[in-house]
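Student: Protein chains in written order, with numbering that gives the first Met the number 0: chain A, 0 to 280; chain G, 0 to 236.
Hints were generated in silico from the structure; no laboratory data involved. Take these hints with a grain of salt, some might be off.
[Said to hold, decoys possible] Below are the DSBU-like pairs computed for lysine-lysine, each with C-alpha atoms no more than 35 Å apart in a straight line: (1) G:116 to A:268; (2) G:116 to G:47; (3) G:211 to A:268; (4) A:204 to G:47; (5) G:211 to A:84; (6) A:204 to G:211; (7) A:268 to A:204.
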Amino acid sequence: MNFASILKMMSEQDSEFFEKTSQRRSLLKDFGKKIALTAVPFALGSLFTKAYGQNGRGSARSTDSILEVLNFALTLEYLERDFYKQALDNNAGMPFIPAAQLAGIQSIYQHEAAHVSFLVAAIQGAGGTPVSGLTFDFTAGGAFPGATSSYNMFLAVAQTFEDTGVRAYKGRAGELMGDNAVLTAALNIHSVEARHASHIRMVRKNNTGDPLVAGNPKPWITGNASNVGTTAVQASYNGEEITQQAGVNIAGFVSGDAASESFDEPLTKDQVLAIVDPFIN
Amino acid sequence: MKKENLEQNQVEEVLQMSGVSRRHFLALSGGLAVAGIFATMSSCKKDKDPQVMPDGTIDLGSGDIGILNYAYALEQLEAAFYTRVAESSFSSGFSASEQALLTDIRDHEIAHREFFKAALAGNAIPALEVNFDAIDFGSRTSVLNAARTFEDLGVQAYNGAGQLITTGDYLVLAGKIVSVEARHAAYIRDLITPNSFGSADIIDSNGMDMHKMPSEVLAAAAGFLKSKISGNNLPTS
Numbered sequence: 000m001n002f003a004s005i006l007k008m009m010s011e012q013d014s015e016f017f018e019k020t021s022q023r024r025s026l027l028k029d030f031g032k033k034i035a036l037t038a039v040p041f042a043l044g045s046l047f048t049k050a051y052g053q054n055g056r057g058s059a060r061s062t063d064s065i066l067e068v069l070n071f072a073l074t075l076e077y078l079e080r081d082f083y084k085q086a087l088d089n090n091a092g093m094p095f096i097p098a099a100q101l102a103g104i105q106s107i108y109q110h111e112a113a114h115v116s117f118l119v120a121a122i123q124g125a126g127g128t129p130v131s132g133l134t135f136d137f138t139a140g141g142a143f144p145g146a147t148s149s150y151n152m153f154l155a156v157a158q159t160f161e162d163t164g165v166r167a168y169k170g171r172a173g174e175l176m177g178d179n180a181v182l183t184a185a186l187n188i189h190s191v192e193a194r195h196a197s198h199i200r201m202v203r204k205n206n207t208g209d210p211l212v213a214g215n216p217k218p219w220i221t222g223n224a225s226n227v228g229t230t231a232v233q234a235s236y237n238g239e240e241i242t243q244q245a246g247v248n249i250a251g252f253v254s255g256d257a258a259s260e261s262f263d264e265p266l267t268k269d270q271v272l273a274i275v276d277p278f279i280n
Numbered sequence: 000m001k002k003e004n005l006e007q008n009q010v011e012e013v014l015q016m017s018g019v020s021r022r023h024f025l026a027l028s029g030g031l032a033v034a035g036i037f038a039t040m041s042s043c044k045k046d047k048d049p050q051v052m053p054d055g056t057i058d059l060g061s062g063d064i065g066i067l068n069y070a071y072a073l074e075q076l077e078a079a080f081y082t083r084v085a086e087s088s089f090s091s092g093f094s095a096s097e098q099a100l101l102t103d104i105r106d107h108e109i110a111h112r113e114f115f116k117a118a119l120a121g122n123a124i125p126a127l128e129v130n131f132d133a134i135d136f137g138s139r140t141s142v143l144n145a146a147r148t149f150e151d152l153g154v155q156a157y158n159g160a161g162q163l164i165t166t167g168d169y170l171v172l173a174g175k176i177v178s179v180e181a182r183h184a185a186y187i188r189d190l191i192t193p194n195s196f197g198s199a200d201i202i203d204s205n206g207m208d209m210h211k212m213p214s215e216v217l218a219a220a221a222g223f224l225k226s227k228i229s230g231n232n233l234p235t236s
C-alpha cells in the first residue's frame with residue numbers, strides 16, 4: 000500500500016484523523032523523525048496505529064485493519080487445518096501415511112487447528128467476525144490429484160502450503176506493528192509454520208523413490224526451487240532466490256545457494272491470494 | 000483529478016504538521032530509495048550508542064540499533080558454534096547428508112552474522128569471545144543438544160524482539176531470518192528425536208512458538224560467552 004492510498008483510506012473512513020493527529024504534537028515530532036529514518040509507508044502506518052490506538056474514539060479504525068490481517072491469516076489456517084484433517088480422515092479409512100510419519104502429521108494438524116481456534120477467538124474478542132463457511136478443493140481443480148489420499152502428492156501439497164504460510168505471515172507482519180500482542184502472536188505462529196515446512200521437506204527428502212521430488216530438497220529453500228516436479232507450485236517459490244538484503248550482497252559472504260537459503264522472503268497479500276484461490280471452492 | 004488534489008493537500012498538511020517541508024520530504028524519501036535502509040543508520044544517533052564500557056562489558060545500545068546489535072550478538076554465537084562443529088565433530092557420527100546440512104546451517108549463520116555486521120557498520124558491537132567449554136564437540140549428542148538450545152533460543156529471541164522494533168523494514172528483515180532459524184530448529188530436533196520438530200516443550204497449546212525478551216535470552220546466552228554483554232539500554236516494550 001502506498002502513501003497516497005493510506006491517506007486516502009484514512010480521509011475517507013475517518014475525517015477526524017487529521018484533527019486528531021494535530022492534537023498530538025509529541026507524536027508528530029516522532030513522526031517527523033521517523034520519516035527521516037525509515038520507509039514512508041511504515042512510518043505512516045505506525046503513526047496511524049498510535050493515533051487511533053491511544054484514543055478510544057478512533058480505536059475501531061485500527062482494529063479494522065488488524066482484523067483484516069487476522070481474517071486473512073484465518074483463511075490460510077482453515078486451508079491448512081482442513082487439508083490435514085481430510086488427509087488424516089482418509090488415512091484412517093485407507094492408510095497411506097507411513098506409520099513412522101503419522102505422529103508428525105498429527106502434530107502439524109493439531110497446531111493448525113489450534114491456530115484456527117486462536118484466531119477465531121482473537122477476532123471475536125476484538126469485536127470482529129471470523130471468516131466462515133469456507134470449503135476447499137485440495138486438488139485445485141485436478142492439478143493435485145490425490146492431495147489428501149496419495150502420500151507423494153500429499154507431501155508435495157503440504158510442503159507448498161507450509162512454505163506459502165511462512166511467506167504469507169512474513170508479508171503482513173508489518174501491518175500489525177503497534178499492536179504488540181497481535182504482532183507477537185503472529186510471529187509465534189509464523190515460526191511454527193517454518194518448523195512444519197522444515198519437517199515436511201525432510202520427510203520428502205527421505206521419501207525414497209518419490210517421483211514428485213525434484214532435485215535435492217532441504218529443510219530450507221534453495222534459490223527458487225520448489226523441489227516439486229510440477230510448475231503448478233512455482234508461484235510459492237518465486238522471489239526466494241534473492242541474495243541481496245537491504246543493499247548487502249550476502250553472496251559475498253557465502254555461496255549463492257546459502258545466501259538465498261539464509262533469508263526467507265515475504266509474499267504480498269495478492270500473491271498469497273492468487274496461490275490459494277484455486278484451492279477455495 | 001479533484002480527488003488527487005485533495006490527497007496532495009492532505010500530504011502537505013501532514014508534512015507541515017510534522018515540520019517537514021514538502022520539498023525536504025521528497026528529497027529525503029528519494030534519497031532513502033537510492034541509499035537503502037541502513038545507510039541512514041549512522042546518522043541515527045540515539046541516547047545510548049553501542050559501546051564497550053570501562054570494565055569491558057559490551058553495551059548493545061538503545062533503540063533499533065540496540066535490537067540489531069542484539070541479533071548480531073546471537074548470530075555471532077551461532078556462527079561460532081557451527082564453525083566449531085564443522086571443524087571438529089564431523090568424525091563423531093554424522094552421516095554425509097547430515098554433515099552437508101550442518102554445513103549449510105553454518106553458512107546461514109555466517110550469512111546472518113556478516114549481514115548484521117555490514118548493515119550496522121560503525122554502530123556494530125565488536126566480535127564476541129565465545130565459551131563453549133560446556134559442549135563436547137566430539138559427541139554427537141552434545142553437539143545436537145547445544146544446537147537445539149541455540150536454535151530454539153534464536154527463534155524465541157527474534158519472536159520476542161519483533162515488538163521492540165520500530166522500523167518496519169527491520170521487522171521484515173528479522174522475519175526473513177527467524178523462519179530460517181525455525182527451519183534449523185526443526186531439523187535439529189528431528190535429528191535428536193523423530194517428529195519432535197514442534198513438541199509440547201516448545202510449542203504452547205495455541206500451537207505457537209514461545210517468545211523471550213532480551214533480558215532472558217541474554218542470561219541464557221551468557222553461559223556460552225566470555226564477553227560480557229549488557230542489554231540495559233535496549234527497549235523493553
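Student: Against which earlier hints does the structure fall short, listed by number upward?
Tutor: 4
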